[in-house]
Every structure is written in structure tokens, then in C-alpha cells.
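If you're matching them up, the sequences are chains A and B in order. By this note's numbering, the letter at position 15 of the first sequence is numbered 15, and the numbering carries on one by one without gaps. By this note's numbering, the letter at position 93 of the second sequence is numbered 93, and the numbering carries on one by one without gaps.
Simulated from the structure, these hints should not be mistaken for laboratory data. Everything numeric in this text was worked out from a predicted model, so none of it was measured. Watch out, some of these pointers could steer you wrong.
Quick list of in silico lysine-lysine cross-link-like pairs, DSS-like style, CA-CA up to 27 Å [said to hold, decoys possible]:
1. K5/A with K42/A
2. K15/A with K58/A
3. K18/B with K42/A
4. K42/A with K31/B
5. K68/A with K42/A
6. K57/B with K42/A
7. K57/B with K5/A
8. K17/B with K57/B
9. K18/B with K5/A
10. K68/A with K5/A
11. K42/A with K15/A
12. K15/A with K57/A
13. K42/A with K57/A
14. K31/B with K57/B
15. K57/B with K18/B
16. K42/A with K17/B
17. K71/A with K58/A
18. K57/A with K71/A
Computed spacing ranges between beta-carbons, pair by pair [to be verified]:
19. Q81/A with R9/B: 25 to 31 Å
20. K18/B with K68/A: 47 to 53 Å
21. T77/B with S69/A: 42 to 48 Å
Even glycine gets a Cβ: it sits at the ideal position worked out from N, Cα and C.
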Amino acid sequence: QQQVKQSPQSLIVQKGGISIINCAYENTAFDYFPWYQQFPGKGPALLIAIRPDVSEKKEGRFTISFNKSAKQFSLHIMDSQPGDSATYFCAASDRGSTLGRLYFGRGTQLTVWP
Amino acid sequence: EADIYQTPRYLVIGTGKKITLECSQTMGHDKMYWYQQDPGMELHLIHYSYGVNSTEKGDLSSESTVSRIRTEHFPLTLESARPSHTSQYLCASPAGTSGRENTGELFFGEGSRLTVL
């Protein structure tokens, strides 16, 4: 059973546009929602993360919007650049559990055209 | 940050060979994880460890085995590789300092891409 559902699977955006990736979850025990960015041949790297007591978090051009009642969260990339072309994974964690493991979405392959 | 080192980065081997993928971290973290990643699929947890001499299987059934004899090392072994084992294997440990690990954030190594012919 997939714990975190992510869409779209792929996304093509023109340079300067806004990229939006959406995720949804069911487990209300999740209390931490990080996003990872992965370039080809590299491991995933933490990009930005949010706790459920916050509705929005912004770091530079990257913003997470969080809707606790809908159990949804999304990543917005403003002024998308070709260098943002990568695969993005949303994730969720129950940090109170003994293991505290992460559950990942299936990823979104973002391509930003110059 | 955690420094996670994985070797080899790429490995192409024949069916039936035994392989070991190495993973080491420098932060002294107790928790370590192995994820398997296939194209278009989420990262699947295949093994994890709470510390020395502690290993558990994750969600995705895997024929691989792991060991944790030293805190800094968490190698993954396939006794007899098959083409179905072709995948990318990612090792990770939590952010934060030892004893104050934030398991909501993981640092990943660069991965070991295994191809079994």
C-alpha cells in the first residue's frame, strides 16, 4: 500500500514558469514532510521540509503548501530554471515511531526548458 | 550534515556472483537504512538498523542481507545475484548529531547502481 501518493509523474515547464507537484497521504501519524531533489547519478538530497503545524514554508524559490485537513501538501517552484530539472520526491515521516522511517512518493521528473 | 559513502558507484556482474555494497557514515549515527530505487517508482526501504548488531528487514522483500558490526559500516550483500536484482541501492542515515537524530530527514549516499547480466 502506497503511503504517499505523488503527481504528476512528469512535468515540463518553461523557464520562468511555476512548477507545482502535489502529494497526498492517509496516515495522520505523519508529522514531518520533507521534499527531496535528485539529479541523475546522484542520491536524493533534502530540499525543504515542513511540519503539520505550519501551512506554508518558503525557502528562496521553493515553497511548500500544507493542507492538514485535506492531508495534502505541494511543492511550488517559482521562476523555474533549467538547473531545477531533476526528479522530485515528496516524503512523510512519523518521527515519534521507534524507527522514524520515511515513506516516499513515486517521484516527479521535472524538465525546465530554456 | 551526514557524510554517507557508498562503493562501488557502478557494478556490472554476471548471474550467480556474490556482491557486497559498502556503506559508511562518519557521524556516529545509530540508525542506518538501505533503500532500493527503480525508475518511476518510490524508494523502497529494504533494510534498516538501530545500531550495532541490530538489523531488520524493511517493507520490500529483498534477497539481500545486511550486517552492522561497526557503527560506521552497514554493508549489503547478495549471495547469488540475479537479473531481477538490477537496481539502484541507496544508503542513508538521519540528519542531526548522534543521539539527537532527526529521522524525518535523511542524508543519502550517491547510490550503487547494480546491473546483473
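Structure-based check of all given hints:
1. K5/A with K42/A: 23 Å, holds
2. K15/A with K58/A: With a Cα-Cα distance of about 20 Å, the restraint between K15/A and K58/A holds, given a limit of 27 Å.
3. K18/B with K42/A: 25 Å, holds
4. K42/A with K31/B: Between K42/A and K31/B the Cα gap is close to 22 Å, so the pair holds against 27 Å.
5. K68/A with K42/A: 32 Å, violated
6. K57/B with K42/A: 24 Å, holds
7. K57/B with K5/A: 23 Å, holds
8. K17/B with K57/B: Within the cut-off at roughly 22 Å; holds.
9. K18/B with K5/A: Judged against 27 Å, a Cα distance of about 35 Å means the pair is violated.
10. K68/A with K5/A: Given that 27 Å is the threshold and the Cα spacing comes to 15 Å, the pair holds.
11. K42/A with K15/A: Given pair K42/A, K15/A holds - Cα atoms ~23 Å apart, limit 27 Å.
12. K15/A with K57/A: 23 Å, holds
13. K42/A with K57/A: The hint holds at about 26 Å.
14. K31/B with K57/B: 13 Å, holds
15. K57/B with K18/B: 20 Å, holds
16. K42/A with K17/B: 25 Å, holds
17. K71/A with K58/A: Satisfied, since the Cα-Cα distance of roughly 19 Å is no more than 27 Å.
18. K57/A with K71/A: The given pair, whose Cα atoms are some 16 Å apart, holds under the 27 Å limit.
19. Q81/A with R9/B: 25 to 31 Å: 27 Å, holds
20. K18/B with K68/A: 47 to 53 Å: 48 Å, holds
21. T77/B with S69/A: 42 to 48 Å: Distance hint for T77/B, S69/A holds at roughly 46 Å.
In this structure, the hints that do not hold are numbers 5, 9, in rising order.
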